[in-house]
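Q: Chains as they are written, first to last, in the working numbering: chain A, 1 to 182; chain B, 183 to 576; chain C, 577 to 806.
Just so you know, these hints were derived from the structure itself, not from any lab. Take these hints with a grain of salt, some might be off.
[As the list claims (entries may be wrong)] Simulated coverage check for chain C against chain B, where a stretch passes if three residues somewhere in it have a Cβ under 8 Å from a Cβ of chain B:
hint, region
1, 633-640
2, 661-669
3, 693-704
4, 730-742
5, 769-782
[Unchecked claim] Here are the in silico distance ranges between beta carbons for each label pair:
hint, chain 1, residue 1, chain 2, residue 2, range
6, B, R391, A, R157, 20 to 30 Å
7, C, W649, B, K215, 44 to 54 Å
8, B, D393, C, W649, 52 to 62 Å
9, B, E380, A, D143, 32 to 42 Å
10, A, N124, B, P494, 30 to 40 Å
11, C, I612, A, D143, 45 to 55 Å
The beta-carbon is built from N, C-alpha and C at its ideal position, and this holds for glycine as well.
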Amino acid sequence: MKNLINKLSKVYELSDVVYQRPNFTYATTTKENTISLITQLRDLEGFSHFVLLSCVDWIEDNLFQLTYILNNPTQKYDIAIRCMIDRNEAAMTSAHYLWEQIATYQRELKEMYGIEFPGSPRLNENFILEGWDNIPPMRRDFDTKKYSEETFFPRERPSSNDPATYMKSRLHPDEWDGKIAE
Amino acid sequence: MSLFHIESDRSKYPQPGDDGKLVVDLDSHKYVKLWQGPNHPGVTGNMAIELTLAGDEIVQAKTHVGYLHRGFEKLIERRLFLQGMQTSIRMCVAEPDTNEYVYCQCVEELSGIEIPEMAKWIRTLVLEMSRLQSFLRVVPGQGGTTGLGIGVQWGMYMRELILDRFEELTGGRIYHMYFTPGGVRGLLPQGFKKRMEENLKEIDDFIIRIDDLMYSNAVFKKRTVDVAVINPSWVDKYGIVGPVARSAGFNRDVRKDYPYLIYDQLDFEPKVMNHSDIYNRSRIRWYELQQSVDLIRQIMARMPENGDFKAPTPNVLHWEIPKGEAYVRAESSRGEYGLYMVTDGSTKPRRVNLRGPSYTQAVCLLEDMLVGANIADVHSIMVSLQTCPPEIER
Amino acid sequence: MSEEKNIIQPAEQASKFVNPLYAKREVTGPDGIKFIVDPLRDYFSDQRPQIYEPNSIPVIEKFLNWARAESLWVLGFGTGCGSIEIAPLLTPRFDAFRYGVMPRPTPRQSNVFIISGYLSIKTLKRVVRSYEQMPNPKYVLALGSCTINGGMYYDSYNTINRLDHYIPVDAYVAGCMPRPEALLAGFNKLKELIKDGKAENANEYAKNFDWYKANQKKIIKDWNMPDYNW
Numbered sequence: 001m002k003n004l005i006n007k008l009s010k011v012y013e014l015s016d017v018v019y020q021r022p023n024f025t026y027a028t029t030t031k032e033n034t035i036s037l038i039t040q041l042r043d044l045e046g047f048s049h050f051v052l053l054s055c056v057d058w059i060e061d062n063l064f065q066l067t068y069i070l071n072n073p074t075q076k077y078d079i080a081i082r083c084m085i086d087r088n089e090a091a092m093t094s095a096h097y098l099w100e101q102i103a104t105y106q107r108e109l110k111e112m113y114g115i116e117f118p119g120s121p122r123l124n125e126n127f128i129l130e131g132w133d134n135i136p137p138m139r140r141d142f143d144t145k146k147y148s149e150e151t152f153f154p155r156e157r158p159s160s161n162d163p164a165t166y167m168k169s170r171l172h173p174d175e176w177d178g179k180i181a182e
Numbered sequence: 183m184s185l186f187h188i189e190s191d192r193s194k195y196p197q198p199g200d201d202g203k204l205v206v207d208l209d210s211h212k213y214v215k216l217w218q219g220p221n222h223p224g225v226t227g228n229m230a231i232e233l234t235l236a237g238d239e240i241v242q243a244k245t246h247v248g249y250l251h252r253g254f255e256k257l258i259e260r261r262l263f264l265q266g267m268q269t270s271i272r273m274c275v276a277e278p279d280t281n282e283y284v285y286c287q288c289v290e291e292l293s294g295i296e297i298p299e300m301a302k303w304i305r306t307l308v309l310e311m312s313r314l315q316s317f318l319r320v321v322p323g324q325g326g327t328t329g330l331g332i333g334v335q336w337g338m339y340m341r342e343l344i345l346d347r348f349e350e351l352t353g354g355r356i357y358h359m360y361f362t363p364g365g366v367r368g369l370l371p372q373g374f375k376k377r378m379e380e381n382l383k384e385i386d387d388f389i390i391r392i393d394d395l396m397y398s399n400a401v402f403k404k405r406t407v408d409v410a411v412i413n414p415s416w417v418d419k420y421g422i423v424g425p426v427a428r429s430a431g432f433n434r435d436v437r438k439d440y441p442y443l444i445y446d447q448l449d450f451e452p453k454v455m456n457h458s459d460i461y462n463r464s465r466i467r468w469y470e471l472q473q474s475v476d477l478i479r480q481i482m483a484r485m486p487e488n489g490d491f492k493a494p495t496p497n498v499l500h501w502e503i504p505k506g507e508a509y510v511r512a513e514s515s516r517g518e519y520g521l522y523m524v525t526d527g528s529t530k531p532r533r534v535n536l537r538g539p540s541y542t543q544a545v546c547l548l549e550d551m552l553v554g555a556n557i558a559d560v561h562s563i564m565v566s567l568q569t570c571p572p573e574i575e576r
Numbered sequence: 577m578s579e580e581k582n583i584i585q586p587a588e589q590a591s592k593f594v595n596p597l598y599a600k601r602e603v604t605g606p607d608g609i610k611f612i613v614d615p616l617r618d619y620f621s622d623q624r625p626q627i628y629e630p631n632s633i634p635v636i637e638k639f640l641n642w643a644r645a646e647s648l649w650v651l652g653f654g655t656g657c658g659s660i661e662i663a664p665l666l667t668p669r670f671d672a673f674r675y676g677v678m679p680r681p682t683p684r685q686s687n688v689f690i691i692s693g694y695l696s697i698k699t700l701k702r703v704v705r706s707y708e709q710m711p712n713p714k715y716v717l718a719l720g721s722c723t724i725n726g727g728m729y730y731d732s733y734n735t736i737n738r739l740d741h742y743i744p745v746d747a748y749v750a751g752c753m754p755r756p757e758a759l760l761a762g763f764n765k766l767k768e769l770i771k772d773g774k775a776e777n778a779n780e781y782a783k784n785f786d787w788y789k790a791n792q793k794k795i796i797k798d799w800n801m802p803d804y805n806w
């Protein structure tokens with residue numbers, strides 16, 4: 001595995017290499033290099049099985065992290081390629097021609113994070129949501145609890161009291177400040 | 183080709199365009215649009231397929247999912263690591279224990295907890311029981327799609343036996359929450375192995391009966407042999423895993439390739455076939471049904487009687503896991519089932535992403551496989567791929 | 577600097593992501609006439625449901641109620657996770673056929689709707705359509721805590737919290753998920769209600785139709801239909 005990473009790092013900028021398990025490695029590369037790197041892994045290094053395309057929202061750094069996990073079924077290796085893209089103008093080169101299922105992943109990421117993949121088939125069709133007119137829901141700045149309370153009709157829940165202040169109010173009413181924390 | 187085969191007139195059917203896909207002009211009034219699902223007895227779960235038909239032949243298919251979307255991955259970002267358990271297991275109802283395992287294993291790997299030996303044995307036992315109950319649903323279910331309803335009735339009864347054992351072990355029929363980060367919640371009850379052995383005997387008998395009932399039935403063979411064949415070159419192109427890939431000649435089994443828990447100490451050999459039609463895909467599940475029963479017997483014979491079943495974990499209210507990411511996979515009855523978890527040093531996960539086998543098999547593969555198929559075979563094809571919509575949309 | 581750039585008004589930010597599918601479009605009907613379609617307008621459900629008047633002779637109405645209670649035909653629409661317990665319910669171990677419970681494939685032939693658990697917005701639209709297609713008398717059995725108060729999905733952006741704001745519910749079966757025995761108990765309770773003439777919620781739906789429709793329209797925004805439907 002280390003040989004492969006050394007070989008690849010001569011051509012591509014690889015950083016943050018983590019050897020998680022003997023057969024699982026993470027590496028970060030630049031946005032421009034990502035697609036050519038996974039193409040090389042697929043065609044020359046035998047990583048023929050595409051496992052997962054996922055996105056992580058690092059809102060503090062204003063970045064999206066895209067993770068492509070590839071699997072080599074004969075040598076039983078996995079490699080995860082990460083790349084960081086800008087969060088405000090989120091866009092990434094489409095890789096739908098490499099594996100068929102990537103188009104589905106990209107449709108989901110478009111809907112859930114608002115990341116553009118120009119050229120990906122059926123990108124603008126609804127995949128999961130229907131009639132959604134808000135911020136893409138998986139972004140960290142979308143508050144799902146607030147949205148749920150405003151949109152649906154929450155049933156009143158029994159209030160729960162902090163046991164310490166509640167017992168104080170019952171046992172020592174003279175020392176109690178008149179409030180029960182929830 | 184039979185003696186009476188007549189070459190039919192194909193001029194009314196759509197012709198392939200430049201890119202190899204059929205050109206379907208809906209305005210020509212030659213085609214019928216038909217929705218199979220979501221309210222339809224012939225779909226596996228709450229999903230829909232939008233079919234375009236020329237006669238009874240499908241010329242275009244589109245999968246529509248999202249009817250079961252609950253936003254799990256968003257919800258888990260708002261839960262503590264222990265609270266994430268009860269959320270994560272409900273991602274797929276047909277086989278919840280695999281979800282439990284991948285979630286617990288992610289948390290343990292990221293926080294560096296090593297689970298005790300006894301917990302590994304019990305986890306393997308529960309995972310195999312979960313695979314067994316899933317196969318007991320789907321193997322006769324394949325007969326049910328061709329009108330052979332009696333197998334479904336038998337299979338459901340056999341599944342109940344396993345669910346009873348689950349109830350005895352964990353307290354729940356479907357959702358168990360028996361695994362917990364660090365191990366399991368308890369040891370096997372007294373006399374569990376004896377009652378399990380009695381049930382396995384009944385299932386042994388059922389396996390032989392279902393073989394006679396389905397796999398030598400002339401009607402079942404006519405409906406399934408050489409229908410919806412998967413070309414071996416599609417396996418990598420579409421990301422096919424599990425029994426479907428094994429029936430196409432690829433010996434890929436997570437339990438063998440990336441041994442987890444104590445699977446490396448058990449004797450089993452994944453069954454591989456060379457021609458992936460509906461019949462062989464169903465047949466391979468029948469072999470795995472036997473294999474599951476055999477594995478449960480092996481586990482029960484070899485597992486230690488007593489031992490520590492839970493490693494100590496930090497206070498769950500203030501459990502912070504350092505920054506890191508992990509991808510854990512397990513073999514469910516449908517194939518490779520993985521969970522990708524990213525933590526950022528706080529008490530809640532940053533991102534959780536589930537990769538179910540149906541994500542590829544029920545969307546891009548099914549859409550391409552259905553073209554040219556008969557409308558009556560849609561349900562058979564879906565069951566033979568074991569499509570499970572909740573793991574597509576989560 | 578980057579922080580200042582980040583601050584965008586929520587409305588503006590949301591409008592950045594509006595799907596182009598929801599723009600108004602021109603459609604040619606089968607007779608060649610062109611017209612404008614607004615995908616976010618509700619074109620269905622203009623027909624108001626009828627209020628069912630009970631028979632004026634109480635004995636006959638009582639007989640009819642007994643007959644209704646003894647043949648509960650269930651719509652086979654598995655809307656959520658609870659549908660996995662419907663199969664054991666109808667197979668030999670629990671055998672709900674003993675109680676006259678029988679699955680039907682289409683809403684036109686059924687009179688009990690089992691809402692098996694949580695409902696996403698996309699399914700709720702289909703559930704409302706199916707419910708309105710069912711002939712009178714019709715009853716709704718809601719499973720699990722998700723239909724009562726949202727259950728563990730109380731903070732989800734895509735699942736409803738209270739089912740009784742969208743369609744009327746006759747009986748709830750609690751549990752996550754309810755066991756087949758609990759479902760049988762739920763069916764027996766429903767039978768008692770029907771025999772007593774108390775399961776008249778379909779009439780409530782017809783009387784408060786505007787309130788229910790307003791609640792439904794609050795969350796179901798997309799009433800889009802493909803072009804070939806016109």
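Q: Evaluate each hint against the coordinates.
A: Taking the hints in turn, this is what the structure says about them:
A stretch counts as covered by a chain when three or more of its residues have a beta carbon under 8 Å from one of that chain; for the region 633-640 of chain C and chain B the count is 0, and the coverage is violated. Given as covered by chain B, the region 661-669 of chain C passes the check, having 6 residues with a CB less than 8 Å from a CB of that chain where 3 are the minimum. Residues of the region 693-704 of chain C lying with their CB closer than 8 Å to a CB of chain B number 5, which satisfies the three-residue condition for coverage. With 5 residues having a beta carbon nearer than 8 Å to a beta carbon of chain B, the region 730-742 of chain C meets the requirement of three or more and the stated coverage holds.
Counting residues of the region 769-782 of chain C whose beta carbon lies closer than 8 Å to any beta carbon of chain B gives 0, which falls below the threshold of three, so the coverage claim is violated. Against the hinted window of 20 to 30 Å, the Cβ-Cβ separation of B/R391 and A/R157 comes to about 51 Å, which falls outside the hint. The hint said 44 to 54 Å for the Cβ distance between C/W649 and B/K215, and at roughly 28 Å that hint is violated. Judged by the Cβ atoms, the range 52 to 62 Å given for B/D393 and C/W649 is violated: they are separated by roughly 35 Å.
For the pair B/E380 and A/D143, the beta carbons lie near 53 Å from each other, so the given range of 32 to 42 Å is not met. Between A/N124 and B/P494 the Cβ separation comes to about 51 Å, which falls outside the hinted range of 30 to 40 Å. In this structure the supplied range 45 to 55 Å is violated for C/I612 paired with A/D143, their Cβ-Cβ distance being about 36 Å.
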